[in-house]
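Residue numbers (the working numbering), protein chains in the order written: chain A, 1 to 286; chain B, 287 to 553.
Please note: incorrect hints may appear among the correct ones.
Computed list of chain A residues with no C-beta within reach of chain B, every gap over 12 Å [to be verified]:
{"no.": "1", "residue": "Gly54"}
{"no.": "2", "residue": "Leu56"}
{"no.": "3", "residue": "Gln72"}
{"no.": "4", "residue": "Val84"}
{"no.": "5", "residue": "Glu92"}
{"no.": "6", "residue": "Leu174"}
{"no.": "7", "residue": "Pro176"}
{"no.": "8", "residue": "Leu183"}
{"no.": "9", "residue": "Gly193"}
{"no.": "10", "residue": "Lys249"}
{"no.": "11", "residue": "Arg255"}
{"no.": "12", "residue": "Ala277"}
{"no.": "13", "residue": "Ile278"}
Chain A stretches covered by chain B per the calculated footprint, using a threshold of three residues with CB under 8 Å from any CB of chain B [unchecked claim]:
{"no.": "14", "segment": "37-45"}
{"no.": "15", "segment": "101-111"}
{"no.": "16", "segment": "151-161"}
What the simulated footprint calls covered on chain B by chain A, stretch by stretch (three residues with Cβ under 8 Å from a Cβ of chain A suffice, anywhere in the stretch; the number is not a length) [to be verified]:
{"no.": "17", "segment": "303-313"}
{"no.": "18", "segment": "472-480"}
Derived from the structure by calculation, the hints contain no laboratory data.
Quick reminder that beta carbons are idealized off the backbone N, C-alpha and C, glycines included.
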Amino acid sequence: MPIVLEKVSHHYRSGPQVSVALEDISLTIHDGELLALIGHTGSGKSTLAQHLNGLLEPTSGRVLLNGEDINQKGAQRRALRFRVGLVFQYPEHQLFEETVFKDIAFGPKNMGLTGQEIEQRVRGAMAQVGLDFEEMKDRSPFELSGGQMRRVALAGVLAIQPSVLVLDEPTAGLDPRARDYLLEDIRRLNREGTTVVMISHAMDDVARLATRVAVLEKGRLVMQGSVLEIFSQQERLAAMGLDIPAGFKLARRLREAGLDMADHAQPEEIADALAAAIRGGGGSAA
Amino acid sequence: MLRDITLGQYYPVDSPVHRLDPRLKIILTFLYIIAVFLVGNLLFYLPVAAYLVFAARMAKLPAGMMLRSLRPMRILLVITFVLNLFFFSGTQELVRVGSVVIWREGLINALIFTFRLIFLVTGSSILTLTTAPVTLTDGLERLASPLKVIKFPAHEMAMMMTIALRFIPTLMEEADKIMKAQTARGADFETGNLLARARAMIPLLVPLFISAFRRAGDLAMAMEARCYHGGEGRTRLHKLQYGRRDALALVSMLALYLLILLPGWLS
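Required output: the full structure, derived from the provided sequences and hints.
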């Protein structure tokens with residue numbers, strides 16, 4: 001279910017002033033990919049995310065889901081929201097029910113599902129984010145740890161079983177362990193077939209997970225490509241105030257130190273390349 | 287959807303009226319309101335109206351802005367006018383249609399009461415249009431501080447108002463975000479009957495309250511960390527001080543009083 005953005009612009013109007021949030025964005029989100037959206041604060045990432053499920057309407061341009069304009073008259077907005085799930089920043093701030101079960105069931109209930117289907121979905125969603133159903137279902141979401149609350153909130157969207165999942169800074173504010181768990185959940189979801197769009201400031205996470213990266217600056221789409229293609233252009237990214245993943249920094253420093261070292265997306269690959277270089281450079285050492 | 291609501295109506299330009307001491311502005315507004323009530327004669331509404339126009343011009347407020355403050359009052363204005371016009375009986379007949387009579391006194395009364403309302407609303411709107419909310423609460427606190435003698439918590443009141451005003455935009459933004467997030471889960475805030483809609487607000491209100499309490503807790507902690515302990519012995523960064531401008535403004539108000547009271551004394 002590909003999402004195609006055609007020349008999407010979005011202008012905010014506050015009083016007499018018009019500020020441009022998105023300008024002329026054309027982007028295709030392919031089935032099964034994990035697209036990372038990166039950009040400086042205020043570059044329009046979150047605004048773009050809200051266009052993907054029709055929460056915001058473009059000032060001009062079109063958003064097509066499966067070839068259909070989602071904003072055309074008579075479009076089924078609610079049905080659309082069940083196909084494209086959006087997880088906001090700090091989603092745990094939106095929990096409201098008395099129990100974890102009820103909170104996760106909110107989406108399925110809104111879909112008009114009945115008792116057994118709802119329970120199935122809640123079970124499934126909780127399993128997807130690694131929450132034990134029996135242990136957690138009757139607990140209040142407000143007595144959980146930050147990482148667990150975030151998982152409950154994520155499960156609340158997953159229970160809708162969207163085919164595209166949009167995540168706005170999913171790991172912001174989590175401790176390293178909770179972050180690793182969550183990233184693993186996202187990776188697994190993607191492998192199981194959910195298309196994922198992930199907004200992130202954490203370049204290491206992006207390098208780890210993304211199959212493709214799109215860079216926004218001041219509301220414009222300025223770069224898109226594979227992790228390698230994007231992060232090998234450090235100067236361009238630095239000019240936009242963006243960092244590169246630790247692995248790319250390391251490779252760069254090694255090159256500066258005179259080692260023959262290519263860029264790699266995954267830390268493991270760098271380790272292998274480094275080991276090979278040391279062995280090769282050390283000559284007869286091995 | 288919540289973005290469209292504007293709170294407070296401060297009109298941020300630089301004018302002599304904007305720079306008046308907020309305490310004096312509050313006092314002047316009260317004096318003006320009293321003046322409006324003192325006048326019971328259409329002719330004397332001329333100086334009252336002139337003063338309003340003068341103040342608005344000095345404050346560089348566009349006429350449309352002033353009229354807009356009357357918009358929420360328009361029904362009340364019409365009712366006031368119509369009731370006085372038709373149900374006030376006098377001695378001099380103006381128009382008679384069947385059994386309905388409009389008396390001269392009725393017309394005059396209708397005009398007086400309607401104008402009184404107009405002057406009241408526009409007059410006090412000059413205060414809120416030219417004074418930033420925080421400055422206004424500052425002025426209120428200083429005016430109310432003599433009441434501390436009778437244990438009136440002037441400082442605490444002002445601090446509460448300031449904090450409340452400060453957090454309105456924050457909470458609006460938060461409400462907008464939560465609303466969107468629940469909409470993304472299929473919540474429906476816009477259709478259904480009254481009961482259904484009230485129910486639909488729960489997923490919005492619960493997180494909003496929780497976040498408000500969390501923010502309140504954080505703020506209290508932050509204030510204590512900086513040794514806030516109420517108003518006692520607290521000094522100010524911006525000290526309010528009356529100046530020449532304030533004296534002139536007071537004189538202008540006295541001139542208005544002279545104009546409306548003098549004829550009565552002389553005759």
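Evaluation of the provided hints:
Residue placement check: A/Gly54 does not keep its beta carbon more than 12 Å from all beta carbons of chain B (closest about 9 Å). Against chain B, the non-interface label of A/Leu56 is violated: not every CB pair exceeds 12 Å, the least being about 9 Å. Taking the minimum C-beta to C-beta distance to chain B, about 19 Å, the non-interface status of A/Gln72 holds against the 12 Å cut. Consistency note on A/Val84: stated as away from chain B, yet its beta-carbon is not over 12 Å from all of that chain's, at 9 Å minimum.
Distance check for A/Glu92 against chain B: the nearest CB is about 9 Å away, which does not clear 12 Å, and the non-interface claim fails. With 12 Å as the threshold on Cβ separation, the claim that A/Leu174 sits away from chain B holds: the shortest Cβ distance comes to roughly 18 Å. Distance check on A/Pro176: its Cβ is at least 24 Å (rounded) from any Cβ of chain B, clearing the 12 Å threshold; non-interface status holds. No beta-carbon of chain B is positioned within 12 Å of the beta-carbon of A/Leu183; the least distance is around 21 Å.
Non-interface status of A/Gly193 relative to chain B is upheld: no Cβ of that chain comes within 12 Å, the nearest being about 21 Å off. Chain B leaves A/Lys249 outside its interface by the beta-carbon criterion, the shortest separation being 34 Å against a cut-off of 12 Å. No Cβ of chain B comes within 12 Å of the Cβ of A/Arg255; the nearest lies about 44 Å off, and the non-interface call holds. With a least CB separation of 48 Å from chain B, A/Ala277 remains clear of the 12 Å interface cut-off, as annotated.
For A/Ile278, the non-interface assignment is confirmed: its Cβ lies about 50 Å from the closest Cβ of chain B, beyond the 12 Å cut-off. Closer than 8 Å: that is the beta-carbon criterion, and the segment 37-45 of chain A has 0 residues meeting it against chain B, so the requirement of 3 is violated. Evaluation of the coverage hint for the segment 101-111 of chain A: fulfilled, as 4 residues show C-beta separations to chain B shorter than 8 Å, against a requirement of three. Here's how the segment 151-161 of chain A fares: 3 of its residues keep a CB closer than 8 Å to some CB of chain B, so the rule of at least three is met and the hint holds.
Counting residues of the segment 303-313 of chain B whose C-beta lies closer than 8 Å to any C-beta of chain A gives 0; at least three are required, and the coverage claim is violated. With 3 residues having a Cβ less than 8 Å from any Cβ of chain A, the segment 472-480 of chain B passes the three-residue criterion, so the hint holds.
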